[in-house]
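Since chain A is already given, all that's left is putting chain B on it; use the hints.
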Amino acid sequence: MNTPSRTPLSSLSRRHLLGLAGLAGGLGLTACSSGSSGSGDPNTFDFWSFTGINQKDDVAAYKKLAPDVNVKLTEVGNAQETAQGLTTALAGGKVPDLVLIQAGDLPKFMKNPGNFTDLKTLGADDVQSEYVDWVMKQATAQSGEIIGIPTDVGGMGVAYRTDLMAAAGLPTNRDEVSALWPTWDDFIATGQRYTQASGKAFIDNAATTVFLQAVSQGEEQYYSADGKVVYATNPIVKQSFDLGLKAIAAGITAKLESFTDGWNAGMAKGDFAAVAAPSWMLGSIRSAAPDTEGKWDIATIPGGSGNWGGSYLAIPARAANPKAAWTYISRMQSPEQQLQHFIESGSLPTTPVNYDKPELVDHTDPFFSDAPTGKIFTQAVLGLKPFVNGEYNTEISTELLNGLNGVEGDGAPAAAAWDTAVKNIKTAIGA
Amino acid sequence: MSATLTPGSLRGVKPATATRPVEKRWERVAPYGYVAPFYVLFLVFGLFPLLFTFYVSLFDWNPIGDKTFVGLANFQQLAGDPRFWNALRNTFSIWIISTVPQLLIALILAQVLNSAYLRLANFYRMAMLLPYITSVAATAIVFAQLFNRDYGLLNWFLGLLGIGHIDFMSTALGSHLLISVMVIWRWFGYNTLLYLASLQAVPRDLYEAAAMDGAGPVKQFINITLPSLRPVIVFTVIMSTIGGLQIFTEPLLLSNGTLTCGTARQCQTLSLFLFEQGFGSFKFGYGSAVGVALFAIIVVVAFINFLLSSRLGKKA
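In the order they appear, the protein sequences are chains A and B. Heads up: take any position in the first sequence, counting from 1, add 1309, and you land on the working numbering. Heads up: take any position in the second sequence, counting from 1, add 170, and you land on the working numbering.
If you're looking for bench data, these hints aren't it; they were derived computationally from the structure. Source: prediction; values computed, not measured. Keep in mind that the hints are not guaranteed to be accurate.
What the hints assert, rightly or not - With a cut-off of at most 20 Å between alpha-carbon atoms, the simulated PhoX-like pairs for lysine-lysine come out as follows:
1. 1547/A to 1732/A
2. 1420/A to 1537/A
3. 453/B to 1420/A
4. 1420/A to 237/B
5. 1381/A to 1403/A
6. 453/B to 1735/A
7. 1365/A to 1381/A
8. 1555/A to 1578/A
9. 1429/A to 1632/A
Said to hold, decoys possible - Pulled a few chain B residues facing chain A out of the computed Cβ check, cut under 10 Å:
10. 236
11. 240
12. 433
Idealized CB from N, CA, C, for every residue including glycine.
The shape of chain A in the complex, shown without the other chains (with noise of 0.2 Å):
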């Protein structure tokens, strides 16, 4: 149930871009007549999906369940688009019953709560303590209404190559290995090792396997509590930056952006040894180098938890048919079933009670020597608590990545990255 969750703003795979380039004179913002899905049919739904998560094994599980109820699926694009549709349908047009909506696409929804319908009134109260408590938090607008329900996280790991690591005297053993790096120094500092002894980069970039990991095990993030933007002030945010500049200064890094040609040629090149892994990257790395099969494994993240995307199904406010929407999600969310998609697909539960469940913890992926990856996952979900996300936590990110990817592969200096980026954020959303 996972896509990459990259930041809207700075990154979009080439395959999508052909609609988006259809959009290049696009300034026709027009507001239409506003409508809902028509159709009175209570056992009919829209519902809205988007690309590479296969939600249709999902409606094909619940049309067992429920023969009678017709869910309508529309992938509408990757999840950026999906997200750009569903803007345009709030803002006058034909809503879907029912759509996904990825963690990194969420905030901007949640500054008006008011587009969707507040699951409580169709019964979220009784189910809300089965999800992880901060990733249901994100979903829950400052005013109290929860606008959705979280299917899957992206539980943190680092990916290694078990091969690489052998030719540099490092050890190979998963337990071994995440012993290594309790903290992020270590991390670094276990990468000057083989980078000394191999000659090559040890992971992928400083930007998005070491800066956004570790922000992310940030209780305050970039907004505090009370919802105030405070990532210039946020130790955690420059500590966090500051460690991406030092293992870029380490030169243990590739130079080489996510999910760029460069990346995927790296991959299978074993250009570097380690990447920040979340559940939903194995498929990527499976599909960039799949000749590298059994030579991976994974460990814990430095620091020990961590989560990178996820998404939500939410309820627009004008849906026709909110409660065969919301009986969906009731039934196919379920922490059983959540339990057995996770074995049909490997996406991550957000209901902690299947976390010790034996078909979970027993869980191995060959592809990456058998690790047990759905406990892995899991447990650096646990370890995370609830924050707080606000209106512009993608420009933040956006800029903050820039800053870190500019002195990486750009050359910009490292020592006014941390200014620029901050003065870049004022200018973006003027605080």
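Frame of chain A; chain B shown alone:
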């Protein structure tokens, strides 16, 4: 039915006057009906969005939230926004680097293709159009791979020559050059064919007469070719101005889909900035203000170009 009819003329022509005015009115109205489809579409998809953009630019307009009238505040903010001036600089830089060589190449190629001695002339003329009919996305993928920092063909070749790899997209100049090369590649054939068509309409005897009077190829070019091509040159310059200043797809695709086009916005054009603000940050009002500014800039630049290029070769 006309009031100017004299009573005398009324007799005998009555049947005709009963039907003719209706026909006449229909004949007067019909042409509007014939051209209506275009103008209706233009109204819906051209004029209305344009005017609506002007309207939206006066608001702090969140598509799914509040819409507050702010007057000219968006434009005020735009004037003080370093990202806008950066995008403006990039747009002009890419436009000039791509348009000037492109039109010169097209002019020279058109001369060559017009040569009477060229064999397989039709084949070469058609081949010119190939880049133009190839999808931008396909072209961008090929260019991105050719110019890739680590695994690109060009850098592999440079590596063989002992020159270090160049990361084109990482610097302003490099990225502008790469984008321009792609634009030139895509559009030079189109402009060549326009020039060629115009060249073929120039009477041969003008050249023959000039040759008799002792004018060399250069003199012929300046005194005959350029003045004859003036209308089409004006057209291509204006079209390239409009297209070049709106450039969007090439920088977006070459920078792997980042709306900022690079970590320091080194190749972000005005259209990309507009899109980033409107659809990335949901600031439709501010995005529209960028659109209005872009519109004004294109009108001014196209007008200046019109004045300059229509003076081309006038002294002849």
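These are the hints, each one checked on the structure:
1. Among the hinted pairs, residue 1547/A with residue 1732/A is consistent with the structure: their alpha-carbon atoms are about 14 Å apart, no more than 20 Å.
2. As the CA atoms of residue 1420/A and residue 1537/A are separated by approximately 13 Å, the hinted pair is consistent with the 20 Å bound.
3. Distance hint between residue 453/B and residue 1420/A is fulfilled; the C-alpha atoms sit about 13 Å from each other, no more than 20 Å.
4. Taking the CA atoms of residue 1420/A and residue 237/B, the gap is near 14 Å; set against the 20 Å cutoff, the hint holds.
5. Of the pairs offered as hints, the one joining residue 1381/A and residue 1403/A holds, with about 14 Å between alpha carbons and a cut-off of 20 Å not exceeded.
6. Taking the CA atoms of residue 453/B and residue 1735/A, the gap is near 16 Å; set against the 20 Å cutoff, the hint holds.
7. Taking the CA atoms of residue 1365/A and residue 1381/A, the gap is about 10 Å. The hint holds against a cut of 20 Å.
8. Between residue 1555/A and residue 1578/A, the direct Cα distance comes to roughly 25 Å. Violation of the 20 Å bound is thereby established for this hinted pair.
9. A distance of roughly 12 Å separates the Cα atoms of residue 1429/A and residue 1632/A; the hinted pair therefore holds under the 20 Å criterion.
10. Given hint, residue 236/B at the interface with chain A, holds; its Cβ is 8 Å from that chain's nearest Cβ, closer than 10 Å.
11. The beta carbon of residue 240/B comes no nearer than 13 Å to any beta carbon in chain A, farther than 10 Å, and the hint placing it at the interface is violated.
12. Hint status for residue 433/B: holds, given a least beta-carbon distance of 4 Å to chain A, under 10 Å.
In this structure, the earlier hints numbered 8, 11 are contradicted, and the remaining ones agree with it.
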